[in-house]
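Chains as they are written, first to last, in this note's numbering: chain P, 992 to 1386; chain C, 9 to 274.
By construction, these hints were calculated from the structure, which means they are not laboratory data.
Be aware that one or more of the hints could be misleading.
Below, a list of computed lysine to any residue pairs in the SDA-like style, where the Cα atoms sit at most 25 Å apart [as the list claims (entries may be wrong)]:
#1 P:K1280 with C:G90
#2 P:K1200 with P:E1172
#3 P:K1016 with C:S203
#4 C:K198 with P:R1095
#5 C:K198 with P:K1056
#6 P:K1126 with P:K1350
#7 C:K172 with P:K1089
#8 P:K1016 with P:K1056
#9 P:K1126 with C:D41
#10 C:K52 with C:K198
#11 P:K1016 with C:E146
#12 C:K250 with C:L82
#13 P:K1089 with C:Y258
#14 P:K1090 with C:S203
#15 C:K229 with C:Y258
#16 P:K1016 with C:E168
#17 P:K1280 with C:R97
#18 P:K1090 with P:L1115
#19 C:K229 with C:L82
#20 C:K16 with C:S269
#21 C:K264 with C:G90
#22 C:K16 with C:I205
#23 P:K1056 with P:A1374
#24 P:K995 with C:L82
#25 C:K172 with P:E1172
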Amino acid sequence: MSDKGRFGIHGGQYISETLMNELIKLEEAYEHYKNDPEFNAELQKLLNEYAGRPSLLYYAEKMTKDLGGAKIYLKREDLNHTGSHKINNVLGQALLAKKMGKTRLIAETGAGQHGVATATAAALLGMECEIFMGKEDTERQALNVYRMELLGAKVNAVTTGTMTLKDAVNDAMREWSNRVEDTHYCLGSVMGPHPFPTIVRDFQSVISKEARAQILEAEGKLPAAVIACVGGGSNAMGAFYNFIPDKEVELIGCEAGGRGVDTPETAATIATGSLGIFHGMKSYFCQDKYGQIAPVYSISAGLDYPGIGPEHAYLHDIGRAKYVPITDEEAVNAFEYLSRTEGIIPAIESAHAVAQAMKIAKDYPKDSSIIICVSGRGDKDVAAIARYRGVDLHD
Amino acid sequence: MKHLLNNKISKAFDTSNKKAFIGFLTAGDPDADSSVKFILEMAKAGCDLIEIGIPFSDPTAEGVVIQEANIRSLSNGMTTDGVFDIVRRVRQESDIPLCFMTYANPVFHYGYDEFFSKCEELGVDGIIVPDMPFEEKEEMEGPANAHNVAVISMVSPTSEDRIKNIARQADGFIYVVSSMGVTGVRNEIKTDLDSIIAHIREVTDTPCAIGFGISTPEQAKEMASKSDGAIVGSAIVRIIEKYGKEAAPYLYDYIKSMKDSVASVN
Chain P
992 MSDKGRFGIH GGQYISETLM NELIKLEEAY EHYKNDPEFN AELQKLLNEY
1042 AGRPSLLYYA EKMTKDLGGA KIYLKREDLN HTGSHKINNV LGQALLAKKM
1092 GKTRLIAETG AGQHGVATAT AAALLGMECE IFMGKEDTER QALNVYRMEL
1142 LGAKVNAVTT GTMTLKDAVN DAMREWSNRV EDTHYCLGSV MGPHPFPTIV
1192 RDFQSVISKE ARAQILEAEG KLPAAVIACV GGGSNAMGAF YNFIPDKEVE
1242 LIGCEAGGRG VDTPETAATI ATGSLGIFHG MKSYFCQDKY GQIAPVYSIS
1292 AGLDYPGIGP EHAYLHDIGR AKYVPITDEE AVNAFEYLSR TEGIIPAIES
1342 AHAVAQAMKI AKDYPKDSSI IICVSGRGDK DVAAIARYRG VDLHD
Chain C
9 MKHLLNNKIS KAFDTSNKKA FIGFLTAGDP DADSSVKFIL EMAKAGCDLI
59 EIGIPFSDPT AEGVVIQEAN IRSLSNGMTT DGVFDIVRRV RQESDIPLCF
109 MTYANPVFHY GYDEFFSKCE ELGVDGIIVP DMPFEEKEEM EGPANAHNVA
159 VISMVSPTSE DRIKNIARQA DGFIYVVSSM GVTGVRNEIK TDLDSIIAHI
209 REVTDTPCAI GFGISTPEQA KEMASKSDGA IVGSAIVRII EKYGKEAAPY
259 LYDYIKSMKD SVASVN
């Protein structure tokens, strides 16, 4: 086992030989540009002037009073251009790809947020763009498909397997191995083969870099806990990263429990998965006793993934972060709660983190604080929530 | 190259200087009984080595034809233990060299030591794992070699300066990937395979077989003339897809024509 790109026993580069040299070139380019002042200035300019960073850290006063415990702060990644944290990573990778001489971006997407962000960056930087999305997700998130097409991207509906996020990753990998010369695979989460988990984490760590300074400014001390939803885990990794050395800050990742972790209709990897090798990495995966990847389920297309990024698996192993499952029902309740209480409609993914805060806030003293990463906005989910509640929306 | 005990792979490349023909099928497609019959028929028709695919839910290196074979096999209930049972039945009638072809996770999850000890017991000579590249193969190769199973290395059109390192440590044979992308039938193979093979030859005499995209006797002959053999997967799986349980005679005819073509190369 090579120690390259390892987080404890997790990570690595379990990928076809055809892609190995491309990953090595990507790593070399990243190692060079991450220390290049010109690259960083260019990226910072895009983040500030195009994506709208820094994002707000909003004190949710009504929610705080209602829950009766720790002060609740919301890290408003939903206010970024394109409506989620995905743009942080995409702008970084797209700029890197451009420096590498690539002219085309491909990406997988679940809920469509990463696909929209990638299509946006491609439009801005004048690159060709092709998105792979499970057919089931193209139906659940039809609006996002049209958004991507508006932005000039081609959207491929993936009809293999469970027709969701993992199948979209499979097809994006297949396409990349077919065409590496001019194409960068803009992976959307802290997963896949090295160097992706590190690159994506670094580009997303802006979330905790800002949040840490913002909470110190507002409260004069660190938060008691940081809570974020976890599918592959990019917003959570970004929200946790700069707090990892602050041992007193609890880090809580919220997995998609689906219809419950005691049912097969779940995507909670830490709660129900086991160690495996898939999508280029060693980590925890939902799988059967023969190592066949399980057909997972969640109401949230963005968390509907049978694995978790290798650095999260490591944080779990060493006990630095805790991972808890949140059911569909809890997430939908939290979706409605935040909408009514604070006038903020969160993505159904982010609502998983809100649900955990609703459960635990009262256990913390009133002079402590909790940061919830609101990773995206919920406009895309309104129709699905209506369906969940049995409301028939006519267009 | 290490020398594994009683490993039959070298036999596949040592039939009085004739080139090798290697055939692939997915175990359990459409069912276990058919797989046993097909493997024996393929051996009879002239395959020098047979690659048996252990189905995986997410075969990321495969094109549509083999992806669908994986789905057919798994949805008919095939498991890793079921594949071992297929090999056990084949071994009662044939000592043809056999390799498994699968993905890292089914082997890892079974337990490397337990998996390769079964391979040794049943006489499986090698394993091809497309998501276990040079940098990572050590964790699998240790237990595999301890049970006299070769981990087959792959070289691809993008391997460039990696070719020599891969070739130096290769066991059994070297799987030269003819084209970019995934498995599947191709009309044309454009990679400069002569140069890849020449780089390999500078550092090792381990046999090289070319696979990915080969379906016609003409292609097989051309690939065999550049190397030590040709590997065919998707074209065989397509016959199984088309004829289902009745595929045996069609497999025989196809493989015989391919083997004859490969064998005509000196």
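Here's how the hints hold up against the structure:
1. Using a Cα cut-off of 25 Å, the hinted pair K1280 (chain P) and G90 (chain C) holds, with the two alpha carbons roughly 13 Å apart.
2. For the suggested pair K1200 (chain P) and E1172 (chain P), the alpha carbons sit about 35 Å apart, so the restraint of at most 25 Å is broken.
3. With a CA separation close to 22 Å, the supplied pair K1016 (chain P) and S203 (chain C) stays within the 25 Å bound.
4. Restraint check: the Cα-Cα separation between K198 (chain C) and R1095 (chain P) comes to about 22 Å, which is no more than 25 Å; the hinted pair holds.
5. At roughly 68 Å between alpha-carbon atoms, K198 (chain C) and K1056 (chain P) are farther apart than 25 Å, so this suggested pair is violated.
6. Simply put, K1126 (chain P) and K1350 (chain P) have alpha-carbon atoms about 34 Å apart, too far for the 25 Å limit, and the pair is violated.
7. Of the supplied pair hints, the one linking K172 (chain C) and K1089 (chain P) is violated, its CA atoms being roughly 31 Å apart against a limit of 25 Å.
8. Taken as a hint, the K1016 (chain P) and K1056 (chain P) pair is broken in the structure, with Cα atoms around 52 Å apart against an allowance of 25 Å.
9. A hinted pair counts as satisfied when its Cα atoms are at most 25 Å apart, and K1126 (chain P) with D41 (chain C) does not qualify at roughly 34 Å.
10. For the suggested pair K52 (chain C) and K198 (chain C), the alpha carbons sit about 32 Å apart, so the restraint of at most 25 Å is broken.
11. Only pairs whose Cα atoms come within 25 Å are accepted, and K1016 (chain P) paired with E146 (chain C) is accepted, the gap being roughly 23 Å.
12. Straight-line distance between C-alpha atoms of K250 (chain C) and L82 (chain C) comes to about 18 Å, which keeps the hinted pair within the 25 Å bound.
13. Pair hint K1089 (chain P) plus Y258 (chain C) does not hold up; C-alpha atoms about 50 Å apart against a cutoff of 25 Å.
14. Between the alpha carbons of K1090 (chain P) and S203 (chain C) the distance comes to roughly 30 Å, so the proposed pair goes past 25 Å and is violated.
15. Pair hint K229 (chain C) plus Y258 (chain C) holds up; C-alpha atoms about 20 Å apart against a cutoff of 25 Å.
16. Using a Cα cut-off of 25 Å, the hinted pair K1016 (chain P) and E168 (chain C) holds, with the two alpha carbons roughly 12 Å apart.
17. Only pairs whose Cα atoms come within 25 Å are accepted, and K1280 (chain P) paired with R97 (chain C) is accepted, the gap being roughly 24 Å.
18. For the hint pairing K1090 (chain P) with L1115 (chain P), the CA-to-CA distance comes to about 15 Å; that is within 25 Å, so the pair holds.
19. For the suggested pair K229 (chain C) and L82 (chain C), the alpha carbons sit about 34 Å apart, so the restraint of at most 25 Å is broken.
20. For the given pair, K16 (chain C) sits about 23 Å from S269 (chain C) by alpha-carbon distance, which is consistent with the 25 Å threshold.
21. Between K264 (chain C) and G90 (chain C) the alpha-carbon distance is near 28 Å, which puts this suggested pair outside the 25 Å criterion.
22. Our distance criterion of 25 Å between C-alpha atoms is met by K16 (chain C) and I205 (chain C), whose separation comes to about 23 Å.
23. About 30 Å separates the Cα atoms of K1056 (chain P) and A1374 (chain P), which puts this hinted pair outside 25 Å; it is violated.
24. Between K995 (chain P) and L82 (chain C) the alpha-carbon distance is near 34 Å, which puts this suggested pair outside the 25 Å criterion.
25. Between K172 (chain C) and E1172 (chain P), the direct Cα distance comes to roughly 22 Å. Compliance with the 25 Å bound is thereby established for this hinted pair.
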